[in-house]
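Okay, here's what each chain looks like letter by letter:
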Amino acid sequence: MAKTKQEMDSKLAPGEARSRGKQIQDLLDEETVEVPWQLRDAEYTYLGSEPLDRDHYISQEWCDKETENLWSRVWQLACFEQDIPEVGDHIVYDIVDWSFILVRTEPDTIKAFYNSCLHRGRRLCTNELEPANKPEFRCPFHGITWNVDGSLKAIPPSIEFDFPHVDKEEFGLPEVKCERWDGFVFINIDDDAEPLMDFLGDITKHFERWPFANRWKATHSAKIVDSNWKLAQEAFMEAFHVLATHPQMSIGLLGGDGSNTEYNIYDNGDANWSRMTMAPPMPNPNLPYELTEQELIEEMFFRGESVSEMGVQKMAGSAEDLPEGMTTRKLLADAARKNGPNGFVGGEPTDVELTSAIQYHIFPNISPWPGPIFYRHRPYGRDPDKCIMEIMMMVSLPEGAERPPAAKINWLGPDEHFGNIFNQDVENVAQVQRGLKAAKPPGGLTLGNYQDIKVRWHHRLLEKWVNREI
Amino acid sequence: MIQVEPTGVSFETKEDETIMAAAIRNGYTWPTICGGQGTCKTCVFLTLEGKGNLTEIEPWEAQALESIVDTLPNRGQGWRLACQAKAIGDVRVKKIGVRQA
Numbered sequence: 001m002a003k004t005k006q007e008m009d010s011k012l013a014p015g016e017a018r019s020r021g022k023q024i025q026d027l028l029d030e031e032t033v034e035v036p037w038q039l040r041d042a043e044y045t046y047l048g049s050e051p052l053d054r055d056h057y058i059s060q061e062w063c064d065k066e067t068e069n070l071w072s073r074v075w076q077l078a079c080f081e082q083d084i085p086e087v088g089d090h091i092v093y094d095i096v097d098w099s100f101i102l103v104r105t106e107p108d109t110i111k112a113f114y115n116s117c118l119h120r121g122r123r124l125c126t127n128e129l130e131p132a133n134k135p136e137f138r139c140p141f142h143g144i145t146w147n148v149d150g151s152l153k154a155i156p157p158s159i160e161f162d163f164p165h166v167d168k169e170e171f172g173l174p175e176v177k178c179e180r181w182d183g184f185v186f187i188n189i190d191d192d193a194e195p196l197m198d199f200l201g202d203i204t205k206h207f208e209r210w211p212f213a214n215r216w217k218a219t220h221s222a223k224i225v226d227s228n229w230k231l232a233q234e235a236f237m238e239a240f241h242v243l244a245t246h247p248q249m250s251i252g253l254l255g256g257d258g259s260n261t262e263y264n265i266y267d268n269g270d271a272n273w274s275r276m277t278m279a280p281p282m283p284n285p286n287l288p289y290e291l292t293e294q295e296l297i298e299e300m301f302f303r304g305e306s307v308s309e310m311g312v313q314k315m316a317g318s319a320e321d322l323p324e325g326m327t328t329r330k331l332l333a334d335a336a337r338k339n340g341p342n343g344f345v346g347g348e349p350t351d352v353e354l355t356s357a358i359q360y361h362i363f364p365n366i367s368p369w370p371g372p373i374f375y376r377h378r379p380y381g382r383d384p385d386k387c388i389m390e391i392m393m394m395v396s397l398p399e400g401a402e403r404p405p406a407a408k409i410n411w412l413g414p415d416e417h418f419g420n421i422f423n424q425d426v427e428n429v430a431q432v433q434r435g436l437k438a439a440k441p442p443g444g445l446t447l448g449n450y451q452d453i454k455v456r457w458h459h460r461l462l463e464k465w466v467n468r469e470i
Numbered sequence: 001m002i003q004v005e006p007t008g009v010s011f012e013t014k015e016d017e018t019i020m021a022a023a024i025r026n027g028y029t030w031p032t033i034c035g036g037q038g039t040c041k042t043c044v045f046l047t048l049e050g051k052g053n054l055t056e057i058e059p060w061e062a063q064a065l066e067s068i069v070d071t072l073p074n075r076g077q078g079w080r081l082a083c084q085a086k087a088i089g090d091v092r093v094k095k096i097g098v099r100q101a
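From first to last, the protein sequence lines are chains A and P.
Per this note's numbering, the very first residue in the first sequence carries number 1; after that it's consecutive.
Per this note's numbering, the very first residue in the second sequence carries number 1; after that it's consecutive.
These are computed hints drawn from the structure, not numbers from a lab.
No experiment lies behind these values; they were computed from the predicted model shown.
Treat the hints with care, as some may be off.
What the hints assert, rightly or not - Residues from chain P that face chain A, not an exhaustive set, calculated with beta carbons under 8 Å:
1. T29
2. P31
3. K94
As the list claims (entries may be wrong) - If you want the ones that stay clear, here's a sample from chain P, every Cβ over 12 Å from chain A, calculated:
4. F11
5. E49
6. K51
7. T55
8. D90
Glycine is no exception: its CB is placed at the ideal position from the N, C-alpha and C atoms.
My request is simple: use the sequences and hints to build the entire structure.
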């Protein structure tokens with residue numbers, strides 16, 4: 001295996017080499033407020049350099065194995081509690097061939113039922129992911145009706161004579177396991193699954209700093225993307241594609257090009273969650289000479305904008321008005337502080353939290369951020385070449401503010417886009433899907449030891465699930 | 001003659017030499033990550049005077065500029081890549097980070 005120059009020079013073990021410049025932990029050393037322990041909990045384990053099997057993305061057989069061995073028994077996000085706030089509210093969650101109805105049966109009880117009529121099997125609810133309040137679930141085919149708590153309400157009198165063999169007490173809708181954490185509603189198709197909190201592990205402690213339960217789902221967009229669900233998700237599992245894929249994010253001098261991102265996997269890669277933290281704007285370590293902070297600030301005002309948390313921020317004022325020793329990241333952090341509530345719990349927000357994109361992943365398919373962005377990626381039926389990509393904005397509200405109704409899902413058409421940056425990712429992953437099929441067999445993929453660790457982590461866990469080692 | 005603000009650095013370019021290459025040959029820094037391939041867009045500068053004294057924008061540079069147009073003031077008007085543009089006369093530009101190497 002070829003070594004980088006840095007590895008050869010210093011005889012670093014594989015996975016120990018890092019990009020030039022300050023690392024996230026160095027930046028935390030410079031914080032002027034107390035650093036939450038979550039940011040210091042920064043594990044990484046080298047998981048080898050073996051090629052990644054491209055069949056994971058393109059093979060129908062592998063896709064079917066995922067259905068049978070992963071989706072059939074893994075905890076997965078079905079909806080948010082705020083999607084169904086009132087008793088009787090329900091929402092449909094579809095995954096591969098399955099469909100479930102999530103319904104609030106009592107003020108603090110949510111149940112999940114198989115979305116299939118017990119008579120002839122028709123889907124009872126077809127308003128996919130659209131919340132609605134109903135007094136009952138009535139099958140549109142022959143009219144058999146269930147109460148929202150799943151118990152049988154009525155077989156229509158005109159056809160009831162034909163079902164003397166039905167025990168009405170036993171004819172309730174079958175339930176699927178449903179458990180909640182911090183405003184999230186998960187389901188698990190496996191009746192013998194471990195408790196959700198055991199599956200999630202210590203990520204629940206991390207998010208005590210950035211809780212979700214009181215956030216507001218302000219937007220929810222979905223799009224059918226021409227790539228495997230894992231490829232679309234992996235666009236957000238490493239950041240070093242930013243320089244080439246999103247040149248408008250790096251703005252050259254300012255960094256923000258994905259360099260110096262910290263990648264974390266936990267419990268030697270066995271934890272069902274991981275994290276990456278992108279470096280905030282600072283002198284780009286990849287320039288052939290060292291840029292000063294003053295030059296960086298001049299650039300920011302000259303260009304009139306800068307990059308923070310995946311977005312371009314307009315800058316007002318001038319560099320001359322700033323106190324001595326000011327840095328771009330401090331400037332951006334102070335601007336973010338003035339922007340209002342951030343929802344952080346326990347201590348003042350650090351500059352890193354305010355200026356870096358911190359992205360967690362929970363296996364297999366959701367990505368909660370301490371910031372407002374949230375992703376979910378699902379397979380599109382059993383088609384390995386397509387997926388459903390969803391982006392939500394989970395906004396923290398000022399203390400005491402009433403939460404507006406959660407946004408309903410907005411399906412984007414083929415010619416509609418999430419936005420400039422995301423569109424570049426969508427175009428990219430569609431080309432990767434095609435390129436993977438164009439590769440000369442066996443076409444194993446060569447991953448970076450450190451910066452691709454989340455990709456390797458995800459596939460390693462996936463293989464264990466598919467092979468029933470978990 | 002190329003004059004670069006705000007530092008006021010100035011240097012001559014040779015025929016068929018890009019502005020970035022001329023700066024480096026004359027002992028000045030010019031921000032780049034890709035080293036002049038026209039891919040990183042880090043070398044982008046604003047033309048203050050003498051726009052007509054720069055070579056025409058070729059398709060490769062046009063595509064690169066288009067990809068970052070949202071981050072350029074004035075919708076990218078007057079912005080060029082120093083690793084692609086060549087001068088055929090006097091030009092005054094603005095680029096942060098150009099100074100004695």
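May I ask which of the numbered hints given earlier this structure violates, with the numbers listed in increasing order?
Of the numbered hints, all hold.
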